[in-house]
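Chemist: All chains should be modelled from the sequences, with the hints used to inform the complete structure.
Protein chains: 2
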Amino acid sequence: MDAAEYRKRGKEMVDYIADYLEKVDTRQVFPDVEPGYLRPLIPDCAPQDPESFEDVIKDIENIIMPGVTHWNSPYFFAYFPVASSFPALLADMLCGGIGCVGFSWAASPACTELETVMLDWLGKMINLPKEFLAGKDGQGGGVIQGTASEATLVSLLAARTKTIRRLQSEKPELTKADIMDRLVAYASDQAHSSVEKAALIGGVKMKTVPSDDMFSVCGSALKNVLDDDKASGLIPFFFCATLGTTSCCSFDKLLELGPICNKENIWMHVDAAYAGSAFICPEFRHLLNGVEFADSFDFNPHKWLLVNFDCSAMWVKKRSDVTDAFKLEPLYLQHPHQDSGLITDYRHWQIPLGRRFRSLKLWFVMRMYGVTGLQKYIRKHVRLSHHFEHLVLQDERFEICADVVLGLVCFRLKGSNELNKELLKNINEAKKIHLVPCHLREKFVLRFAICARTVESTHVEFAWQHISQLATDLLKTWKQNHQQ
Amino acid sequence: MDAAEYRKRGKEMVDYIADYLEKVDTRQVFPDVEPGYLRPLIPDCAPQDPESFEDVIKDIENIIMPGVTHWNSPYFFAYFPVASSFPALLADMLCGGIGCVGFSWAASPACTELETVMLDWLGKMINLPKEFLAGKDGQGGGVIQGTASEATLVSLLAARTKTIRRLQSEKPELTKADIMDRLVAYASDQAHSSVEKAALIGGVKMKTVPSDDMFSVCGSALKNVLDDDKASGLIPFFFCATLGTTSCCSFDKLLELGPICNKENIWMHVDAAYAGSAFICPEFRHLLNGVEFADSFDFNPHKWLLVNFDCSAMWVKKRSDVTDAFKLEPLYLQHPHQDSGLITDYRHWQIPLGRRFRSLKLWFVMRMYGVTGLQKYIRKHVRLSHHFEHLVLQDERFEICADVVLGLVCFRLKGSNELNKELLKNINEAKKIHLVPCHLREKFVLRFAICARTVESTHVEFAWQHISQLATDLLKTWKQNHQQ
Numbered sequence: 003m004d005a006a007e008y009r010k011r012g013k014e015m016v017d018y019i020a021d022y023l024e025k026v027d028t029r030q031v032f033p034d035v036e037p038g039y040l041r042p043l044i045p046d047c048a049p050q051d052p053e054s055f056e057d058v059i060k061d062i063e064n065i066i067m068p069g070v071t072h073w074n075s076p077y078f079f080a081y082f083p084v085a086s087s088f089p090a091l092l093a094d095m096l097c098g099g100i101g102c103v104g105f106s107w108a109a110s111p112a113c114t115e116l117e118t119v120m121l122d123w124l125g126k127m128i129n130l131p132k133e134f135l136a137g138k139d140g141q142g143g144g145v146i147q148g149t150a151s152e153a154t155l156v157s158l159l160a161a162r163t164k165t166i167r168r169l170q171s172e173k174p175e176l177t178k179a180d181i182m183d184r185l186v187a188y189a190s191d192q193a194h195s196s197v198e199k200a201a202l203i204g205g206v207k208m209k210t211v212p213s214d215d216m217f218s219v220c221g222s223a224l225k226n227v228l229d230d231d232k233a234s235g236l237i238p239f240f241f242c243a244t245l246g247t248t249s250c251c252s253f254d255k256l257l258e259l260g261p262i263c264n265k266e267n268i269w270m271h272v273d274a275a276y277a278g279s280a281f282i283c284p285e286f287r288h289l290l291n292g293v294e295f296a297d298s299f300d301f302n303p304h305k306w307l308l309v310n311f312d313c314s315a316m317w318v319k320k321r322s323d324v325t326d327a328f329k330l331e332p333l334y335l336q337h338p339h340q341d342s343g344l345i346t347d348y349r350h351w352q353i354p355l356g357r358r359f360r361s362l363k364l365w366f367v368m369r370m371y372g373v374t375g376l377q378k379y380i381r382k383h384v385r386l387s388h389h390f391e392h393l394v395l396q397d398e399r400f401e402i403c404a405d406v407v408l409g410l411v412c413f414r415l416k417g418s419n420e421l422n423k424e425l426l427k428n429i430n431e432a433k434k435i436h437l438v439p440c441h442l443r444e445k446f447v448l449r450f451a452i453c454a455r456t457v458e459s460t461h462v463e464f465a466w467q468h469i470s471q472l473a474t475d476l477l478k479t480w481k482q483n484h485q486q
Numbered sequence: 003m004d005a006a007e008y009r010k011r012g013k014e015m016v017d018y019i020a021d022y023l024e025k026v027d028t029r030q031v032f033p034d035v036e037p038g039y040l041r042p043l044i045p046d047c048a049p050q051d052p053e054s055f056e057d058v059i060k061d062i063e064n065i066i067m068p069g070v071t072h073w074n075s076p077y078f079f080a081y082f083p084v085a086s087s088f089p090a091l092l093a094d095m096l097c098g099g100i101g102c103v104g105f106s107w108a109a110s111p112a113c114t115e116l117e118t119v120m121l122d123w124l125g126k127m128i129n130l131p132k133e134f135l136a137g138k139d140g141q142g143g144g145v146i147q148g149t150a151s152e153a154t155l156v157s158l159l160a161a162r163t164k165t166i167r168r169l170q171s172e173k174p175e176l177t178k179a180d181i182m183d184r185l186v187a188y189a190s191d192q193a194h195s196s197v198e199k200a201a202l203i204g205g206v207k208m209k210t211v212p213s214d215d216m217f218s219v220c221g222s223a224l225k226n227v228l229d230d231d232k233a234s235g236l237i238p239f240f241f242c243a244t245l246g247t248t249s250c251c252s253f254d255k256l257l258e259l260g261p262i263c264n265k266e267n268i269w270m271h272v273d274a275a276y277a278g279s280a281f282i283c284p285e286f287r288h289l290l291n292g293v294e295f296a297d298s299f300d301f302n303p304h305k306w307l308l309v310n311f312d313c314s315a316m317w318v319k320k321r322s323d324v325t326d327a328f329k330l331e332p333l334y335l336q337h338p339h340q341d342s343g344l345i346t347d348y349r350h351w352q353i354p355l356g357r358r359f360r361s362l363k364l365w366f367v368m369r370m371y372g373v374t375g376l377q378k379y380i381r382k383h384v385r386l387s388h389h390f391e392h393l394v395l396q397d398e399r400f401e402i403c404a405d406v407v408l409g410l411v412c413f414r415l416k417g418s419n420e421l422n423k424e425l426l427k428n429i430n431e432a433k434k435i436h437l438v439p440c441h442l443r444e445k446f447v448l449r450f451a452i453c454a455r456t457v458e459s460t461h462v463e464f465a466w467q468h469i470s471q472l473a474t475d476l477l478k479t480w481k482q483n484h485q486q
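Sequence order for the protein chains is A and B. So the first sequence is numbered by our numbering: it starts at 3 and just counts up by one. So the second sequence is numbered by our numbering: it starts at 3 and just counts up by one.
In short, the hints are calculated from the structure, not lab data. Misleading hints may appear alongside valid ones.
In this list, chains with the same sequence are indistinguishable; a pair is considered to hold if it fits within one copy or across any two.
Listed below are the simulated SDA-like cross-link pairs for lysine to any residue, each with C-alpha atoms no more than 20 Å apart in a straight line [said to hold, decoys possible]:
hint : residue 1 : residue 2
1    : K382      : R9
2    : K423      : D139
3    : K132      : C47
4    : K25       : D4
5    : K207      : T163
6    : K427      : S470
7    : K329      : D215
8    : K378      : D4
9    : K329      : V373
10   : K138      : L43
11   : K207      : R167
12   : K434      : P284
13   : K10       : T210
14   : K329      : E198
15   : K209      : T177
16   : K132      : I181
17   : K423      : D51
18   : K173      : K378
19   : K478      : N430
Modeler: As structure tokens, then:
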């Protein structure tokens, strides 16, 4: 394929994508396929000779689309949203076209510098304390990670290195192994599984801190666990606070937790993967209060800020804490400017070496929506979740299981877990909408997350009527079965 | 921006990218900017109100392009290539348009299944032993990682878990910390810094094995180190063999190393990040002999196989070795099919949770080039590197510093390291071409890597004439200075 054909096919692809996104509501949100569906549909090895673009593109509808879960459908209410917007799609095209790899400043200065400045823009939008911004001569700064999981891992590793060095400088007789064996990381019992995974990778213990009846970790809960563990000779070194948990979008109490962490030399990382985008609205910014005590903070514009995956925005107060954990300097990656205070080699801030020019997406989206456009978008989603909450509350058969703060509603039929599992099964098998469940304590709960860019109150109302009807049908047979 | 405007702007972007790639040879390959150039050129916060696409796009030429290192320029001979092709760009557009997140089978079945089958296609293209393929009921299989660094880390972590479990089952009195403290990972003294980084992250020791005068690790070198370390009570558990080192594209001797690793219960990971693409040509496949002894293998189609970054292809012989190291199952990620042997939840194969639909790029590229088209591409690059080698050899002032096997030529002026540093400085300051150096033992060496998709013998000849002229100029003043 030469440039001339790319011009033709690229324009066809733009139309295909526009058609797909404009009519995604007409596709079944969850596919009918069974595991193993795809292999029999395609050859078992690559063709020897080139095939035409027509051959390839017709297989998209025939082979790929029947197996796609349509995350951008307005009937998709599962997990959390994945962001998608036209400005971000355009920026990603450009990122691919330029195709630079930005592991160091010299590998493509614009790639590094735009990222630093965009993370400052974004940090200012959520009113992040100044220590987290790079500015012209700050010690902090931001970086785009692929996912919030990676941000959690990077911060845990930075904390591990920092703690080991501090303890060894205090007590030179301690070996690294002595210390590693006693390190403990903490997070809420509601925290994402990626915290446990980070501790597993980092080779340190991880313990959960019990959340309260609002599913939030408060200061006293952390303090109790810390006291016990210190008494047993363990070394608490890392706490991952969550703002907007995956299960029910609850918020740990940073204002209580932060001072404890600071006093105890515990690195506090704040994971606001989903909720963070909402902090651009002044009315939700209070949820971030206490971040001033944190060492690092992360949220995913690729969830709820209209920037296509992947774009997880992470800030640290002291960037040397992160780079100290990773810095290795082979000659083929050295360049004349690297010891200047002005430059940033992002490879020292992350797990991978290579990196794409992802800040273009942030730049396009922030400029083409403007702060007001992005705020409007967040507010619409929050309004829709309250609309759904209101519909649930009007039906006495149902209960709301957690405070509705942003775009997630946790609800269930009053009754057994088995009943609710059956309801969810019926909902997902009907495939008119798509939801996933969670556990809140002993309860099996349905999660209704406002997801798509194009979701409107009509979709929410349709979803509710559908759920309500399936509940009616279910309760009828359920009662009969239980009466027999 | 609505769909109608996206259709218009998307087509403009296609033309912009086509223009960029068609004329990238007219842009200066390395930018003139100094660190900190970008910040003063743009506002210090995001705009309140939306800006137009015209405003944004004009800043691409004004602000971004002056700071881009043009990796796709035919005058770019630095690092290793980053792949770019029109079919891959189209597939990446589609990936963004669909915008699904494929962390589990259910999150988008097509995303998972196409990846498994494409890794089988690719594995067959390089004649990888059958144990590495998923097939319908194999125990192995492939996964797309973001980078080779992540593949190295994932394999090191899998090896760590496997070794700890094995030793604890043999001697239940051993604690995890006892074992961790004695684990040692190994790689060549020529291996990429990402191996050291992986060991740092995994909290285990890492030692280098001396390479021979061809910069290859042979069996006896590994055996010597292992014997010493076992005698000191250490536990060797992981060896990363490199096929195609970053410095000089040398090859570790898998046929000697593999049996030693197998005998000693050492996980052998084979990192062929750059060289792996060449194994699609029968005449280079012998370089992969011995991979049958490996536990895992990785190479980067995003380097040399025309698939845009990121796409690092990793295979394991026993996928449970990898998933055992990571498997965590919160309810919100469970789905009905997950315990079927047929399905793959790729989140257990990688560090991040989320993942893009990257197998589309492999599918488009393999089909639209065909095996023969891809082979032709590899052979052209190898031919060009030998062409450059030949030009160097004809000039008595220069020497070739390592065997030219694939697309990399390591060369230098006969003389001091200072002289060669000066030559490289003059080359990179002239900015007509771009190179990076390496160290081979005590020697400072220039690396000439065939990189761009569009590079031809004219560019190579131009580069050589330019280097040769700069050498003439340098030697003149150098001799004068040294005579004074």
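Chemist: Indicate, hint by hint, whether the structure satisfies it.
Modeler: How the hints compare with the structure:
| no. | hint | verdict |
| --- | --- | --- |
| 1 | K382 / R9 | neither (37 Å within a copy, 25 Å between copies) |
| 2 | K423 / D139 | neither (55 Å within a copy, 31 Å between copies) |
| 3 | K132 / C47 | between (55 Å within a copy, 13 Å between copies) |
| 4 | K25 / D4 | between (31 Å within a copy, 13 Å between copies) |
| 5 | K207 / T163 | both (15 Å within a copy, 14 Å between copies) |
| 6 | K427 / S470 | within (14 Å within a copy, 72 Å between copies) |
| 7 | K329 / D215 | neither (43 Å within a copy, 29 Å between copies) |
| 8 | K378 / D4 | between (42 Å within a copy, 16 Å between copies) |
| 9 | K329 / V373 | neither (36 Å within a copy, 40 Å between copies) |
| 10 | K138 / L43 | between (55 Å within a copy, 13 Å between copies) |
| 11 | K207 / R167 | both (18 Å within a copy, 16 Å between copies) |
| 12 | K434 / P284 | neither (36 Å within a copy, 51 Å between copies) |
| 13 | K10 / T210 | neither (55 Å within a copy, 51 Å between copies) |
| 14 | K329 / E198 | between (25 Å within a copy, 10 Å between copies) |
| 15 | K209 / T177 | between (23 Å within a copy, 18 Å between copies) |
| 16 | K132 / I181 | neither (33 Å within a copy, 43 Å between copies) |
| 17 | K423 / D51 | neither (50 Å within a copy, 45 Å between copies) |
| 18 | K173 / K378 | neither (54 Å within a copy, 61 Å between copies) |
| 19 | K478 / N430 | within (19 Å within a copy, 78 Å between copies) |
Of the numbered hints stated above, those contradicted by the structure are hints 1, 2, 7, 9, 12, 13, 16, 17, 18, listed in ascending order.
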